[in-house]
Amino acid sequence: MPLIQKVTDPRKIVTDPHVLSQLNKQGMDKNYVEFFEDYNTLHPYGKVYRDLKSNKRIMVISGLPKVKLDGIKIQPSWLKQGNKYISKPNLFSSVVNGVQVTTTSLEDHSKAKNAGDTLQYHPQLFLSGVEQFSGNASLLAIDPVNPNYTNNTLEWDYGICKRRLRIIEGRFRERWVFTQNPNGEVRIKHNQTGNFKLRFGQFGINDDEELVSVEAFDEPEFGYPFGVGASATYYPEAHIESATVDGSVAANYAIGAGVIFNTMHDLANGHLAYSEDEDLRCGQLKSDNGASKWRAIHRAILLFDTSGLGPLAVISAVIFTLVSYGKGQTSTNWEVENNIYSSNPAVNTAIATTDNDYNDFGTTPFCDNPISYTNWAANGIGNDFAFNAAGIAAIAKEGITKLSARDSTQDVPDAGGPTWENAKYSYANASSVEKGTTWRPKLVVTYTSPKPA
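Start counting at 1 in the sequence shown, then tack on 2, and there's your number in our numbering.
For the record, the hints were derived by calculation from the structure and aren't laboratory data. Treat the hints loosely; a few may be bogus.
Lysine to aspartate or glutamate pairs mimicking EDC-like chemistry, simulated, CA-CA at most 20 Å apart [what the hints assert, rightly or not]: (1) Lys58 with Glu36; (2) Lys199 with Glu211; (3) Lys8 with Asp18; (4) Lys86 with Asp159; (5) Lys399 with Glu39; (6) Lys32 with Asp18.
Please build the complete structure, drawing on both the sequences and the hints.
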């Protein structure tokens, strides 16, 4: 048997810090692990490493596509051409001229978007009915959301807020960012034309407008800066069932309008559904200011395209990493504790309020070691969940793996909730795929494959 040599080819040496960390946890010598297969059309969401000693493969999977359907690498950034800004290779082509945006789908993505479908819009911003105006767009050298991206965000200054147009892999995001209360009602009219529409968040009032009330600005849930946004998402496959999403759902009652714990917990059609925000509200629980009343419980949903593993892959280990997006707690009678379970959203490409149904979430833990609020990592640091046998069995080797991150102490048991305290909270959040690069959720799957080495 030939002697196994250390990896010396600079193109194959493992340099990814996350992968190096996971190799160490599995007892693999990094000197004998090679970069084996890059993102490609067969697995646009995953790259593969190989352990030369055991011939095991390690696939690192996230929710962001890295290549187009033709295999060309995605470059999430803007290029200035004259007075316009043009997007570099992505799953779409976007042109910004003044405040007007034209975005065209370059590939078939679903029944909603086909190759050549185009959306054009020129938004207007109103404060208490009075239109606000901006100067020319500026190209930001560093992404305010994630400094690992460069030249991917355009910004317009409207005085009361800044409009940002951000692109990452397969995603096109618009945010109107308020750093202080504008002291009035804000309406955004997009004036859309074309084959498809932008998708709005919680402030959408129809298919073309968003409206933020005075009250929402007076008491923003997470303070300022406060963002209002629209989005379009593109996928590198021709079939919608091969695409993925992550986000959060919640029962979320106004202050003073809380309900008993079981009513909040069992609410089938929730109040909020997020799939375009940079944070995942995992374990999150809030009590109200009325005796024995509760006002919010959040659950995170995460889908991954794991079809690149193939039907004959034999999985030996899975480590799921959620990067912290911060935590906070005022309660003394309870603290959230995150663990991983199954989920079953109605569709693979969007999260709706109806996905809040408790019965659509599994109760079998995929990790034997949940992470409490106390042990949840600081902002920007990863939290690793080593999957048990149930978690490994849940990996869909030919399709979409559907996961959830939830509070294992109060949400999963469905036992009536903790001892009530007046207007308290506990939360431990994670970064969503929208944050991008090193912040995005990742699955590291170790497996053997019958394919020849």
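Hint check results:
For the suggested pair Lys58 and Glu36, the alpha carbons sit about 11 Å apart, so the restraint of at most 20 Å is met. Restraint check for Lys199 and Glu211: satisfied, since their Cα atoms lie roughly 11 Å apart, inside the 20 Å limit. Under the criterion of a C-alpha separation no larger than 20 Å, the hint pairing Lys8 with Asp18 is consistent with the structure, at around 17 Å. For the suggested pair Lys86 and Asp159, the alpha carbons sit about 17 Å apart, so the restraint of at most 20 Å is met.
Taking the CA atoms of Lys399 and Glu39, the gap is about 17 Å. The hint holds against a cut of 20 Å. Using a Cα cut-off of 20 Å, the hinted pair Lys32 and Asp18 holds, with the two alpha carbons roughly 11 Å apart.
When held up to the earlier numbered hints, the structure conflicts with none and fits them all.
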